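Each chain sits in its own coordinate frame; assemble them with the hints.
Residue numbers (numbering that gives the first Met the number 0), protein chains in the order written: chain A, 0 to 403; chain B, 0 to 247.
Hint data in this document are derived by calculation from the structure and do not stem from the laboratory. As the structure is a prediction and not an experimental result, all values here were calculated from the model. It cannot be assumed that every hint is accurate.
Stated by the list, open to error - To be clear about the criterion: a stretch of chain B counts as covered by chain A if any three or more of its residues have a C-beta under 8 Å from a C-beta of chain A, and this derived list gives those stretches:
hint : stretch
1    : 50-57
2    : 72-84
3    : 107-121
What the hints assert, rightly or not - Once the Cα atoms are required to be at most 27 Å apart in a straight line, the calculated DSSO-like pairs of lysine-lysine come out as:
hint : chain 1 : residue 1 : chain 2 : residue 2
4    : A       : Lys390    : B       : Lys58
5    : A       : Lys266    : A       : Lys253
6    : A       : Lys390    : B       : Lys81
7    : A       : Lys14     : B       : Lys138
8    : B       : Lys61     : B       : Lys212
9    : A       : Lys189    : A       : Lys113
10   : A       : Lys266    : A       : Lys189
11   : B       : Lys61     : B       : Lys217
12   : A       : Lys239    : A       : Lys266
Said to hold, decoys possible - Partial chain B-side listing against chain A, Cβ under 10 Å, derived:
hint : residue
13   : Gly88
14   : Ala100
15   : Asp166
The C-beta atom is built at its ideal place from N, Cα and C for all residues, glycine as well.
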Amino acid sequence: MFYLRILQTAIRALKSNALRSLLATIGVIIGVAAVVAAMSIIEGATREVLNAIKSFGSNVLIIYPGAARRAGRQIGTVNTLSIADADAIVDKCPAVIRTAPEVLSGAQVKFYSKNMNCAVLGTTTAYPLIRDYKVAEGRFFNNSEIKTEAYVVVLGYKVAKELFGRGTPLGFVVKIRGKPFTVVGVMEKKGTMGFLRVDQQVIVPITTAMKRLFGFRSVSSISAQAIDTKSTSIARKQIKALLRKRHKIPPGEKEDFGIFSQEQLLKGFQEQAKIMGIVFYSIAGISLVVGGIGIMNIMLVSVTERTREIGVRMAVGARRFDILAQFLAESSSISLVGGLLGSLLGVAFSHIIANISANLLKAYVPNSAIITAFTVAFITGIISGLYPAFKASQLDPVEALRYE
Amino acid sequence: MSTLIQLNDVHKIYNMGLSSVHALRGVSLSISQGEFISITGASGSGKSTMMGILGCLDKPTKGEYYFDGQPVNQFSESQLAKVRNQSLGFVFQMFNLLPRASALENVSVPLFYARRTRYHNDALNALRMVGLQDRATHKPTELSGGERQRIAIARAIVNNPKVVLADEPTGNLDTHIGAQIMMIFHELNKKGVTIVLVTHEPDIAIQAERIVKMRDGKIIEDFIVDEKTHREALEQCQQLAKEKIAEE
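One chain only, chain B, in its complex shape (with noise of 0.2 Å):
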């Protein structure tokens, strides 16, 4: 498999003032195209700070970042904007939903940033692919929290990215409608989307087939999750969500 995602030794290092923090101390990792990979350690670690560079949000301090072969450190800020739009989808633990907007105008949003002129059909699919479809006129408010995450994964894939970075997905929800939002992601990974996941609960990560563990800024640990493991895991994931539905 091709290699999407190489970082070479990076260091990311916030100027507060006086002080500065050295969030990332030399990280190198390199994503395959169609992974499903998990990003754990306490906070404080330096996974939030990943997660942003990963994203396009930031840029290292020093080290060298390659996006799809691309060179994302001399990137300018639009062309990063869009990457950020084409490439990648976001996922946040707080839904990040624009209040006011419907969810079928949430969704659209990217369709919007990237100068579709219609977009009413794409974004329809993509709530669909969520399951959300009769929902589309509702307003978040209106929504559960696992619908309103749902909504935000529609708005993630809507562009048909290569990365979906989900940072905390099922942190505000329980772990029925977690393990709903978690079904989302194996489903999308199958087709083909890598999918990188920022969290600090075990029993999420290790549905990851790999996983990373950060301490102080650095990569201490770096694995396969067994086949097994990773199958019951998988498993117990489906139980759950279908618990849930039974309950409804």
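Just chain A, with the same shape it has in the complex (with noise of 0.2 Å):
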């Protein structure tokens, strides 16, 4: 009760002087501001990432192929990975259920006078069991129309929708590359994975894509399936050792295929947050302390302008804790306000970011986010406070009342 009249008379000074205590807050706002905007964007971006990298599952490893290299040099570039290396890795590396090997490449795919554009991916029949992505209508192409290179075709989802409409695709032929492909199925709707969008793919056997469409000699990368989201590390550190045997890398030569992994991508992304973050804490902080001090000078020049007030304020009763817990109201008030605003901004600019990056960063606003930011207004407003307060506490009574 008794601090809750000292918090209003707080307040009461503050109003007073509304520009001033406005003023003297700014520093406050706009570090509060870059706290919650850093927060926003970074949560906002670990979700999207997370999000990506869930929907490819977390116990999947991609080996995708690097530069050729003899003798220290690089003498080719992306044809080091075959099929049969999808198989050993199957067959060698316990920690290994299945491979995909998959070839990527672009082509358009047409049903009488439609037609679009879309991605080709060859691969297998584990593919859609490592991606956890199921047939919707029809059929997954099996593995007697692997081995005899058929012309059949699963479409994605939205690949049906352009090209049949409302109608069933399944039994009728399309054309891509100008060879006919029998649709066989189509696979449900998934949005994106990793960063492809699926739903926009068209999938055929990867002997059929390499030999007959593309006449490509090596995959484009093989997907992995770890026996569980545990042993992908030492997953990786099989198909590695395996890989090294089979292409004959010599030891300290560099690998000519890469591993990538749900791990590795959390944490490159985590080591890009690290450095926005730092780089928005330090503005916050710099902010904070200049706040700091703007608060602490109000505070001084308050403190002397009511020094008589002190000084009847200790008259009539009042004890310096008293007073010291007066002026400390005063500025954590102020740098409470400096907190709201600031958070007020702080939102709003991480939506402007959002916008400005056409919503290639999205703003998340975490509750953690507004209690950092209150939190550290409180702190400031307390430490800045502080020195005044004490000055004002320890005036003499009688000097005070005969302050001019």
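As structure tokens, then:
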């Protein structure tokens, strides 16, 4: 009750100097806004990336070709991985339960007068299992169709919609690069997987894609599925050792392939988030220090101006602690108002950033950002008010009463 | 009557850098409960310092001070604050009201520091005693000098103190208004409140029952005003106060 009254008194004192109080708190407003904006952008980006990662499976590793080298010199680019590598990984790496070699290219898919530019993925029957990507209608192609390099295709959800509308595409023939493919299935609606829009892709047997469509001699990538999430790092080691042996890479030489996993992606992202955070938090820190000094300055002016009032309060029975509490209440009220305005500004700012980046960055304001903002503002208020309040509380009442 | 205030050989020395000022040089004084006493002297005589010490705003450098039998010298800061809050009331020449607060809020300040939760009624009663209950919501800036001083008196008496210390309370007011303020002190005194009045105006000082004259930090005279002089001064004060009311 007593401290509530102290707070009321403090707020009244601030109101009577509203403009001055507001100006004093600008540093805190900017600092808090930076904190909130930083936390919101980082949180938004984290969620985005985590969703992307989750959508391609937490126990999935992607093996991609690197530069082919000889004697430390780069001699070629991307033709280092083969279907045989994919098979060998399943055979020799106990931590891996299945692999899917993949080739990826673009082509026009035609059905009579309708056509669409699609990604064409050549792969095996393991692909839908590894990616947890189900057939919605019809079936996936089977192993004998892979062996015979059959002209069969499974359409992505959007491709089916685009070319066939509401009718079923099953049994119809579409043309890919002028070659006729019988539609055997349609995949479920998935949106994006990793960073690919799989709904706009068509899937054909890998053998057909390599030999009959694109003439590729090596695969674009190999997806490997570890037994579980925990064993991904073991799987990575096993794959690395195996492929080094198969590709005859001498010890100390760099691999001609790379292994990409969720942890790695996460690590890379976290590095970036850290840098972003450091930049934002430095701005926030500097603003808060400046803001704190601003508040301290205004509080010192206020103490001097109200020396007589302090004397009177002491004369009628205020203890030194009561005076201290009153000025601390004032400085923390100023900075809490700064915290409030700063939070609003920070939220607005993070959405503006998201808009400017054309939603490449997303803003998500976590509760912890608001709590942090207020805590930081409050602490700034207390720290910057401490010295002026202490000075006020140590005034000699006799001299304070005589002060002109 | 019991002794309320007892000063024994009190010294006060202010250190101002290299030099020091010996403001009180061995003052002994005893004031009984219910007395009306004036402390007079030229500026620099030590009467303000005396006021600070009597009001527990300051501690003597040397000597003893007993308030209501308690040794003030040995009090902690917060005990001093408690004595000021509970047993003393201050009235200043410059009124010293809080400019942003209403009359009622100004009067409430001592109750607030007494950690009282409800104080509206007590504050209103104090305002009623000085005849300003209808000015409760006014800010000091909206009031005349005399009204401000009456609010200051209401603030001084709101905690039912034993002593009211008034430092030149009429110094900023014309003689009629000053007389009205003095009448309030006389009324308070009749109710048993001890009044200590610091003034350099002889016709104000003479209204007290007892006068203490100071010079150079010492008491040079301490006497009871004779009955006749006192009564005449009182009547004159009453007259002055009434004239002003008639004028209005």
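These are the hints, each one checked on the structure:
1. 50-57: holds (count 4)
2. 72-84: Per the Cβ count (6), the hint holds.
3. 107-121: holds (count 7)
4. Lys390/A with Lys58/B: Measuring from Cα to Cα gives roughly 20 Å; hence the hint holds.
5. Lys266/A with Lys253/A: holds, 21 Å
6. Lys390/A with Lys81/B: holds, 21 Å
7. Lys14/A with Lys138/B: With Cα atoms ~16 Å apart, Lys14/A and Lys138/B stay inside 27 Å; holds.
8. Lys61/B with Lys212/B: Status holds; Cα separation ~21 Å.
9. Lys189/A with Lys113/A: At roughly 23 Å apart (the allowed maximum being 27 Å), Lys113/A and Lys189/A satisfy the hint.
10. Lys266/A with Lys189/A: holds, 25 Å
11. Lys61/B with Lys217/B: With Cα atoms ~14 Å apart, Lys61/B and Lys217/B stay inside 27 Å; holds.
12. Lys239/A with Lys266/A: holds, 19 Å
13. Gly88: holds, 8 Å
14. Ala100: With a closest approach of 8 Å, the Ala100/B hint holds.
15. Asp166: holds, 9 Å
Of the numbered hints listed earlier, not one is contradicted by the structure.
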